[in-house]
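*Asks:* Numbering that gives the first Met the number 0 numbers the first residue of the sequence shown as 0 and each following residue consecutively.
Think of the hints as simulated: they come from the structure by calculation, not from any bench.
All values reported here derive from a predicted model rather than from experimental measurement.
What you were told as hints is all true, and nothing was included just to trick you.
In silico DSSO-like cross-links for lysine-lysine, where the CA-CA straight-line distance does not exceed 30 angstroms:
| # | residue 1 | residue 2 |
| --- | --- | --- |
| 1 | K176 | K99 |
| 2 | K176 | K116 |
| 3 | K53 | K28 |
| 4 | K99 | K116 |
| 5 | K57 | K28 |
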Amino acid sequence: MTPGWSWFVIALVVINIVGCGWLLWWTAKRRPGDPKPEDTSHYWDDGDITEYNKPLPKWWINLFWITIVFSIGYLIYFPGMGAFAGVGGWTSSGQHAFQKAADNARLDETFAPYRGKSIDVLAQDPAARRLGRAIFNNTCATCHGSSAQGAVGYPNLTDDIWHWGGRPEQILTTVMKGREGVMP
0 MTPGWSWFVI ALVVINIVGC GWLLWWTAKR RPGDPKPEDT SHYWDDGDIT EYNKPLPKWW
60 INLFWITIVF SIGYLIYFPG MGAFAGVGGW TSSGQHAFQK AADNARLDET FAPYRGKSID
120 VLAQDPAARR LGRAIFNNTC ATCHGSSAQG AVGYPNLTDD IWHWGGRPEQ ILTTVMKGRE
180 GVMP
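Using the sequences and the hints given, assemble the complete structure.
*Replies:* Structure representation (structure tokens):
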């Protein structure tokens, strides 16, 4: 982030927090000589219920102040004030790396029984087929359909027409490395 944008973000955040605080302070204080709450001329249920222009309850105003104090603490601890990194040391790239490492550890454990096995052996293993079906349904079925017969603009995977080849090794290359197009 360039220094100009950083200062713009800082100014925007500070102006908003100060503006919210000022607005709360200005509207919450009672002024001497204020008349009774005025009727807004809104009536419901044949005039039995009338709307008045009354100030917010004190507990609600206190919640707003707590929110402002929380936002200041949040902006000190986490990055949110321009280029200021925050005192907590949190970064989105660090969070991503942490989550990716946890996911990779979980996936390594899931796929460990199948490492080093040939495609032909995996094709005969019922547990591997169930896992493959679950992965297909989570990753591929959105475009190719749950029955793998394709959707508009996406190829049918159940016929004999394979653009990139239909041999197991070619399919593995497509799955592992992707092809031209939008593949996750």
